[in-house]
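Trainee: Residue strings, one per chain:
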Amino acid sequence: MAISFLDNNEKDSIMLKAAVLKNRLGSETSMREESQPEQIRASFLSDSVFKTALNVSAVFMLLILAGIFVTLVLESIPSIKAAGFSFLTGKTWDPVFREYGTFVFLVGTLVTSFLALIISIPFSLAIALFSGEYFRQGVFSSFLKSAVELLAGIPSVVYGFWALLILVPLVRTFEMKAGIIPYGVGILTASLILAVMIVPYSASIGSDIISLVPSDLKEAALSLGSTRFEMIMKVVFPYARSGICAGILLSLGRAIGETMAVTMVIGNSNLMPENIFSPANTMASIIANEFTEATGDVYVSSLIEVGLVLLLVSLIITVTGRYIINRTSMQQ
Amino acid sequence: MESQVLKVTNFSAHFSGNQVVNNVSMKVAHNKVTALMGPSGCGKTTLLRCINRMHELIPEAGVSGSILLHNKDIYRMNPILVRKKIGMVFQKPNPFPTMSIYDNVIAGYKLNGISLKRDEKNRIVEDSLKKSALWNEVKDRLYKKGSFLSGGQQQRLCIARALAMNPDILLMDEPTSALDPKATSHIEELLTELKNNITILLVTHNIAQAARVSDFTAFMYLGNMVEFGLTEKLFTVPEDKRTEEYLSGKFG
Ligand SMILES: Nc1ncnc2c1ncn2[C@@H]1O[C@H](COP(=O)(O)OP(=O)(O)OP(=O)(O)O)[C@@H](O)[C@H]1O
Ligand SMILES: [Mg+2]
Chain A
12 MAISFLDNNE KDSIMLKAAV LKNRLGSETS MREESQPEQI RASFLSDSVF
62 KTALNVSAVF MLLILAGIFV TLVLESIPSI KAAGFSFLTG KTWDPVFREY
112 GTFVFLVGTL VTSFLALIIS IPFSLAIALF SGEYFRQGVF SSFLKSAVEL
162 LAGIPSVVYG FWALLILVPL VRTFEMKAGI IPYGVGILTA SLILAVMIVP
212 YSASIGSDII SLVPSDLKEA ALSLGSTRFE MIMKVVFPYA RSGICAGILL
262 SLGRAIGETM AVTMVIGNSN LMPENIFSPA NTMASIIANE FTEATGDVYV
312 SSLIEVGLVL LLVSLIITVT GRYIINRTSM QQ
Chain B
71 MESQVLKVTN FSAHFSGNQV VNNVSMKVAH NKVTALMGPS GCGKTTLLRC
121 INRMHELIPE AGVSGSILLH NKDIYRMNPI LVRKKIGMVF QKPNPFPTMS
171 IYDNVIAGYK LNGISLKRDE KNRIVEDSLK KSALWNEVKD RLYKKGSFLS
221 GGQQQRLCIA RALAMNPDIL LMDEPTSALD PKATSHIEEL LTELKNNITI
271 LLVTHNIAQA ARVSDFTAFM YLGNMVEFGL TEKLFTVPED KRTEEYLSGK
321 FG
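Same order as they appear, the protein sequences are chains A and B. Position 197, counted from 1, in the first sequence is what my numbering calls 208; the numbers after and before it change by one each time, with no gaps. Position 56, counted from 1, in the second sequence is what my numbering calls 126; the numbers after and before it change by one each time, with no gaps.
Okay, chain A solo, but in the shape it has when bound (with noise of 0.2 Å):
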């Protein structure tokens, strides 16, 4: 389930580089639309099927959309007549004992995924910049994309592997030097690894939507005896907002469904955190580690519901940052 999330995310990130390159493109595709008078009907015959082609394959997409949350909502149903809406309140999930509170997962998810965005913002924000403003072009700006994006390319399970070997033991040499239990799995590790899985997308898209800034606003500022800081602050940023939002807004999308990653460090505990030190489980994770072991109707049916629920958290979030960026950008 987590995986169908992924590809929505992607998918809009794509759509959202997409809307960009168009516009960039925009006055040459315009001109290669002439096209010869006896190729008008071929490129119209083609036309029309290149169209059916596309509405047959949007439907498909609209179909298994909506087969994936049928298919939910029903497989859910023995849980939620067994718990109901403590299902969402409780905080005990013990399968043993026939409880399925799933409130600590939610707490789980939201605060790795909002910690993982705070620590990525500044680096994927310093990274646009880099590449989207001050070094368009040259050796290192080409180098640093090209490493961007193999970055979003690297497998979740690899990130995971990365975390234990390296990432573990250093929040937990940080922990024993701070005092805390240190088990060196947490939220808080999850959360760093996160932030590394993120900051490619949030940084690709707002490098993309800075190098769109005109160039003329950007003369006008420095004319004006702006230095280029101030041209930044100033001008740029608030010139690029609402794209920089949708960019963070897609990455705390990817967040919220990442699974492997985060289910190998962040150390597979039921209970409330009390701390991001503490051990936790997101709701993905209790998904990837409880799904295969799942026995009884209703253990397999919560584990189903707790998908449905992470689904319709990021539809949550997705449609409430949509709401923002139209929001923003009817005001400019």
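Partial pick of chain B residues on the chain A-facing surface, computed with a CB cut under 8 Å: (1) 122; (2) 124; (3) 154; (4) 160; (5) 164; (6) 166; (7) 167; (8) 168; (9) 177; (10) 183.
Here are a few chain A residues that face chain B, going by a calculated C-beta distance under 8 Å: (11) 237; (12) 249; (13) 250.
What the hints contain is simulated information worked out from the structure, not anything from laboratory work. The C-beta atom is built at its ideal place from N, Cα and C for all residues, glycine as well.
Chain B with the ligands: place on chain A using the hints.
Mentor: Below, chain B with the ligands alone, put in the same frame as chain A:
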């Protein structure tokens, strides 16, 4: 002759070795309009951008020669300071779309982190908008976004934004070429009013416009300064053959 605000001497500019302004000399007199005209691609914009040190923002661009502002070499000054003293209005109106009309006018102060008292800001905004003849049209909607204005109004907003910094000289790069005839004549009227208080260097494609609004005219051709002098003289008895041909519409 009147006192000079700006003196350009033996000045050259290039893009990665490609010389586009060639050993140019000219002067800009105090509280007068000096027009810089010439066919497309002759280096007018480049020269103008050298004067407020925007040219050097392009990598691989370089200059030689001297430009004196009140007898001080601007290439020995801090470029930020130069740009504060030398205002610029661009070919395409470019108000900041994220700012209100009010904030656009005082954008120079905001960008530079200069904090002003409320009534001081109000005074600067009102003064600058009055000088750019926009006040009556926008005084009831100062807090609306500047991008809702018409093209001509946007350009006057940009003029107000430059005037608000109280520059020693205002550079204008074909400020009317993106505007319709009515907005153009509006801006031309504005120029003749403005020159009572401010020195203007105006780049224009339009020979008639140079004749209408300027006191001095410089004619550039292929990066060279062909002729520079009083507008009246240059238009009636040009010294150079090329000036004569340009004025009679043979090229450009
Ligand atoms: N960024 C740049 N890089 C390289 N060459 C440039 C650049 N900008 C301008 N040039 C070249 O410099 C020369 C002068 O250009 P400039 O813009 O100064 O002309 P102009 O007189 O302002 O023309 P127009 O009246 O069309 O605006 C042109 O040949 C142009 O190709
Ligand atoms: Mg030009």
